[in-house]
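Could you slot chain P onto chain Y? The hints should help.
Top to bottom, those sequences are chains Y and P. For the first sequence, position 240 matches number 240 in our numbering, and the numbering has no gaps at all. For the second sequence, position 360 matches number 360 in our numbering, and the numbering has no gaps at all.
Hints are computed from structural coordinates only; laboratory data are not their basis. Relax, there's no trap hidden among the hints.
It does not matter which identical chain is used: a pair holds within one copy or between any two.
Listed below are the simulated SDA-like cross-link pairs for lysine to any residue, each with C-alpha atoms no more than 25 Å apart in a straight line:
#, residue 1, residue 2
1, Lys8, Ile55
2, Lys8, Glu171
3, Lys8, Asp91
4, Lys175, Gly3
5, Lys12, Glu132
6, Lys12, Glu171
7, Lys29, Phe5
8, Lys12, Thr130
9, Lys175, Glu26
10, Lys373, Glu329
11, Lys121, Asp91
The model shown is predicted, which means the values in this text are computed figures rather than measured ones.
Protein chains: 2
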Amino acid sequence: MLGNFSYKNATKLYFGDDSLQFLNEELPKYGKNIQLIYGGGSIKKNGLYDEIVKILKDNGKTIVEDGGVMPNPTIEKLREGIRIARENNVDLLLAVGGGSCCDYAKAVSVSIHCDEDPWDKYYIRFEEPTCEIVPVGCVLTMAGTGSEMNAGSVITNHEQKLKVGHVFGEEVMPKFSILNPKYTFSLPKRQMVAGIYDIFNHICEQYFSGEDDNTSDYLSEALMKSVVHSSLIAIENPEDYEARSNIMWTATWALNTLIAKGKTTDWMVHMLGQAAGAYTDATHGMTLSAVSLPYYRYIMPYGLKKFVRFAEEVWNVSPSGKTDEQIAEEGLQEMEKWMRRIGVAMSLSELGATEDMIDGIADATFILEGGYKVLTKDEVKQILKESL
Amino acid sequence: MLGNFSYKNATKLYFGDDSLQFLNEELPKYGKNIQLIYGGGSIKKNGLYDEIVKILKDNGKTIVEDGGVMPNPTIEKLREGIRIARENNVDLLLAVGGGSCCDYAKAVSVSIHCDEDPWDKYYIRFEEPTCEIVPVGCVLTMAGTGSEMNAGSVITNHEQKLKVGHVFGEEVMPKFSILNPKYTFSLPKRQMVAGIYDIFNHICEQYFSGEDDNTSDYLSEALMKSVVHSSLIAIENPEDYEARSNIMWTATWALNTLIAKGKTTDWMVHMLGQAAGAYTDATHGMTLSAVSLPYYRYIMPYGLKKFVRFAEEVWNVSPSGKTDEQIAEEGLQEMEKWMRRIGVAMSLSELGATEDMIDGIADATFILEGGYKVLTKDEVKQILKESL
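So that you can see chain Y by itself, here it is in the shape it has in the complex (with noise of 0.2 Å):
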């Protein structure tokens, strides 16, 4: 049943080959002082940054340098982000880059006018800003976290080992975003690959929770099917603009909050994921896809109806002769040969993650409740094991 809730979301979003002109269309509802956030300078190679500093300096902005956001940008960082924005009185928090540049963005928006520290605040006490939130664009070069249409920021602390994602309320969306699949295309295949299992991720996050047959399930499943369908062909050609557009449209709409509408969701992949990212370091999708299925097997039998349309919907099993555990069984099967194929990383061992890790990630593993089965600490070690 599609319970009560509310929507909205006004990022604005420009997208296409020919998205980046209207930068010139935003630029004018800010003031003049733009704070350029990216990371490890791909974009200095690439051109992308020299075009976006011309078309800055023609709105007659100034440019405040942000540079060096980290792939899982780290409580430092921030709080060298909250310093550059205050000692300049940014305007605008321009993030070119993936997630990470986009999710860094949002954390600074909403701590340049907060005294309190942010990692206290908002990535331990969980509380919404009460502050003024300076606005936030994206460019996007990267699809996978869908940041660029979403109040979601995660942020990563060494020290104590957590890696912790906050989603905000909708005045933390950016206000616009400017999605250019062809940015995507010098992106190295594992990276691609690592944000295409992120986004098939996500909605499997939102997808398998509750018992309902409502319009987020049927989404749900389009958007998988759209995923897959583009990721086979992307692997193949990485140049191929139809597939790269899809999947970078598909990535938006996996976590915009719209498919989660009206019902239960169940994170704990991403939960049992970041515990591993803040112990390796590893590429957020690939962590995702090293915990996958050893936990979607786990959970199976105490959500197997809904792991039997999975099956039938997404992988077109064909349910004739089979009992539902073996038709549930061969949709993850199906999952499991798409995975293998398009190259994820199907172990933590992988990721560098070792047997004496286990114990600490899974202590730093937050155990949600949403999913078919509300996990105990023995199980979260057990499926961390299985995932070696």
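Just chain P now, with coordinates in the frame of chain Y:
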């Protein structure tokens, strides 16, 4: 291929059987004078009118009455609504009803501060508003048109025998809409079914166009499957909350611009149905159902691949041992079976149209591009004759 496009839809939705209370959150954002727009008075019988009046008074608002909006709102009624709004200096147009009330409210909203004649400006010349737009809010009591989260507005001019829709820009979308599935329970079954077909047809018009295989097509199939599934429950038990809530939610997403993004669309069934509607004043959804199958059977050979996909994905037609034409025709047969089962109008004669009206209806039919075959006037007449 997903082409270049922009997307923004900032309507705030409050969904569920507890959603009316959120009117208290929205009202303080607007001035004192609220134009209360409603239809034939059913909301006075079922108590909703009293509930809303109480909330308006509790929020210190002055109520400006504007009842009597008819199912196909006329240009004369629109002129009356504009006069009421101007005389009372209204700050918010609150539409309580179905798509007609909401469409009408949007037409008033773009006309209050506009000196030109709204019919000529918006429904003949299709211009955009250049004046201040008065905000619109909506309390929805019927699912179908999607008007609660889009910028469309259809107005009928009986003198000119024209029923014309204008899709305005995003700034004309309602600021908020309240969607309580229980408000749809009291609708006569014929109205419910007309709404269901309207939803399905909105999806068809965006789906049956283009040769691409993009995410929008997958989403369209998901919405079609969901509304077909729920419709079969709702015709047996109109008070099945789960079914009615899925129908209501599907209606919103079937026509809030999402599934048309990045692709071409074909609105010919609406053009044919609206022209017939201007002659018969029949219920919108029923005019669409009456012309749909003759139209789709006519264009099927020109878009065969998509009709094959439709048959397999939406209606689970098995392709084995069949030609593409057979698969496609079987899909349309399944669609026809479903239409008969829920009880929509299967011909224009049922709606009061006669042979002598065909030439007039054909002349009033706008011929659009975007479909698999751009119709000639003779083909329009042929399809209308087959629809009789």
